[in-house]
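Student: Whenever a hint applies, use it, and build me the whole structure from the sequences.
Going down the list, the sequences are from chains A and B. Residue 79 in the numbering used here sits at position 79 of the first sequence; the count goes up by one each step and never skips. Residue 131 in the numbering used here sits at position 131 of the second sequence; the count goes up by one each step and never skips.
Be aware that a few hints might be false.
Residues from chain A that face chain B, not an exhaustive set, calculated with beta carbons under 10 Å [to be verified]:
#1 Val84
#2 Gly90
#3 Arg91
#4 Thr106
#5 Pro222
#6 Leu228
#7 Thr229
#8 Val231
#9 Phe236
#10 Ala266
#11 Asn269
#12 Ala272
Don't read these hints as lab results, they were simulated from the structure. Backbone N, C-alpha and C define an ideal beta-carbon position, used for all residues, glycine too.
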Amino acid sequence: MTFSILLEQLFNGFQYGMLLFLMATGVTLVFGVMRLVNLAHGSMFMVGGYLASTAMQATGSFWIAALCALVGSAVLAAMLEILVVRPLYGRGHLDQLLATFGITLTLNELVVLVWGREPIFVKVPAMLSGHTDILGFPYPVYRLAITAVAVLAGLILMWLVARTRFGMLIRAGADNRTMVAGLGVNVTVLYTLVFALAALLAALAGMMSGPLIAMQPGVGDPILILTLTVVCIGGFGSLKGALVASLLIGMFDTFGRIFAPQWFGAAGNTLANMLVYVVMAAVLFFRPAGLFSSPGKHQ
Amino acid sequence: MSNRLQFFSRRQWLLWLLLALVLLLPLSGELYYVKLVTRMLIFAIAALSLDLLVGYLGLVSFGHAAFMAIGAYATGMLASQGYVSAWLAWPMAMLLGAAFALVAGVVSLRCSGLYFIFITLAFSQMVFYGAQSLRSYGGDDGFALDGASAIAPGLDMSDPMLLFYVSAAILLACLYISRRLVWSPFGRIAVAARDNEARLASIGVQAYPYKLLMFMISGAMASLSGALLANLTGFIAPGYVSWLVSGELLVMVILGSVGTLVGPVLGAAVFVGFEHALSDLTEHWMLVFGPLIVFRVLFLKDGIYGLFSRSGKDGREGEA
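Tutor: Pasting the structure below:
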């Protein structure tokens with residue numbers, strides 16, 4: 001195990017963690033503001049990836065593809081919010097869970113209908129292909145680009161939540177919906193925007209993951225489960241928790257896959273696969289509501 | 001308690017009629033339908049076990065498929081070793097299911113609400129990867145059941161009629177036990193813990209051991225259904241633990257209506273029936289079924305069970 005491999009994996013872990021963060025912020029934001037558990041979030045990842053790959057093939061332009069994926073997913077999410085999700089606010093978690101589960105099943109099948117069951121492989125855009133030199137070892141430019149975009153998106157999001165009027169309303173809505181509505185804010189539209197924003201972030205993650213993992217129906221499902229794991233560890237509704245837990249899981253998963261097989265032989269692979277969930281169980285054993293859940297606001 | 005008195009209320013006789021019809025089905029000699037109904041019965045056992053948690057403890061387990069898989073794998077692995085006796089394999093399956101519930105429960109039951117939902121999902125993912133790593137049992141591809149479980153020499157589950165009646169008997173037994181259980185002092189404490197744990201604690205009752213025991217009972221029951229499912233399909237694979245199966249089990253419970261025991265049984269039957277009928281029509285049956293689930297959640301106040309008894313609920317819906 002040389003230093004350069006270790007460093008490379010550190011970069012990979014960070015990149016993976018930031019990708020998870022993009023997903024986790026969506027779930028935690030939607031929960032924090034609307035008190036809604038959204039299992040359809042993985043579908044937005046999938047739809048984003050598929051839209052990007054199709055637009056890329058049709059136009060050849062990376063930018064048009066990105067625009068299609070982001071706008072397309074946001075519009076789809078807004079439609080879903082208006083048609084299906086809106087009546088779910090204020091319902092029990094079980095109802096929310098099952099309705100969004102139904103959406104996931106439907107969208108998975110819709111993807112089969114439109115794009116077929118065969119995995120679609122997406123090529124890395126030409127300007128981001130190849131390797132670059134970091135401290136003397138070659139590292140794929142594309143992965144660096146993903147990390148950069150994810151970090152940028154995270155910063156924009158934090159600026160949005162902490163510094164803008166929209167963000168102020170989001171935070172206020174999370175604390176007291178009735179009061180915000182009473183002050184003349186159109187909470188209904190606000191919720192639709194938040195839901196679309198979450199979908200946009202998921203689509204961004206899906207779009208960027210396209211060249212790393214093949215797109216296939218249900219591709220968002222495992223990502224969704226990991227995202228939920230991250231959000232639980234961080235604490236539902238906490239953006240800070242989402243960031244910390246994403247990086248934690250990104251690192252644990254990446255390094256687990258390297259070290260566990262070395263240390264434990266054949267059983268190591270199994271252990272590496274399970275590691276994320278073991279970490280979650282350990283965290284929740286000591287902190288049953290995640291690392292950063294705010295008291296009084298949990299669940 | 002009024003519910004008990006209403007047990008034979010106006011529309012309950014429909015349920016008994018339904019039961020009689022189901023039990024007479026094999027006389028028709030249509031093996032195809034016997035197998036389909038057996039599948040319904042088996043999933044009914046699993047849905048019933050899940051209702052014990054969701055309906056009576058207010059705990060939504062999103063990993064219940066893990067128990068079914070544990071039961072199926074226990075049965076399959078014992079059969080591969082040459083042990084096909086149902087009297088060994090099935091108690092073993094239930095024991096392992098209860099043991100896993102104990103381990104998972106010790107951690108999960110510290111959490112509530114959403115955290116419980118997703119920690120159970122996490123445990124089922126662990127089982128998934130565990131099953132996947134069993135190379136000598138086919139790994140990702142799974143393995144065929146070496147020999148059907150036998151209740152006596154020469155009497156084994158490869159006979160669809162026998163499997164049908166055994167599944168029906170087990171389902172009825174589970175229904176009876178569950179009904180006794182939830183109306184026992186034990187069950188009443190569980191319901192009290194669901195409704196107001198703080199108040200229960202203030203009169204000096206710790207909810208945790210009751211929850212844990214209920215979780216283990218539920219796990220054992222679901223494992224038994226997994227053992228039966230392995231006999232029905234003759235095939236065991238990590239796919240048993242898919243999060244989709246766990247989700248579908250929850251759909252069955254809510255289809256029938258939560259916290260009624262009989263409801264989830266009907267829910268499972270309707271679910272399996274729908275799945276079957278729709279997949280006959282089109283390969284893309286999920287496009288119909290997915291929206292149906294959404295429709296059920298959004299627009300139907302009561303599940304199917306509500307059609308049979310207007311005030312049939314043993315309590316309000318569990319607030320997850």
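Student: Evaluate each hint against the coordinates.
Tutor: Taking the hints in turn, this is what the structure says about them:
no.	hint	result
1	Val84	holds (6 Å)
2	Gly90	violated (12 Å)
3	Arg91	holds (8 Å)
4	Thr106	holds (3 Å)
5	Pro222	holds (9 Å)
6	Leu228	holds (5 Å)
7	Thr229	holds (6 Å)
8	Val231	holds (8 Å)
9	Phe236	holds (6 Å)
10	Ala266	holds (8 Å)
11	Asn269	holds (7 Å)
12	Ala272	holds (9 Å)
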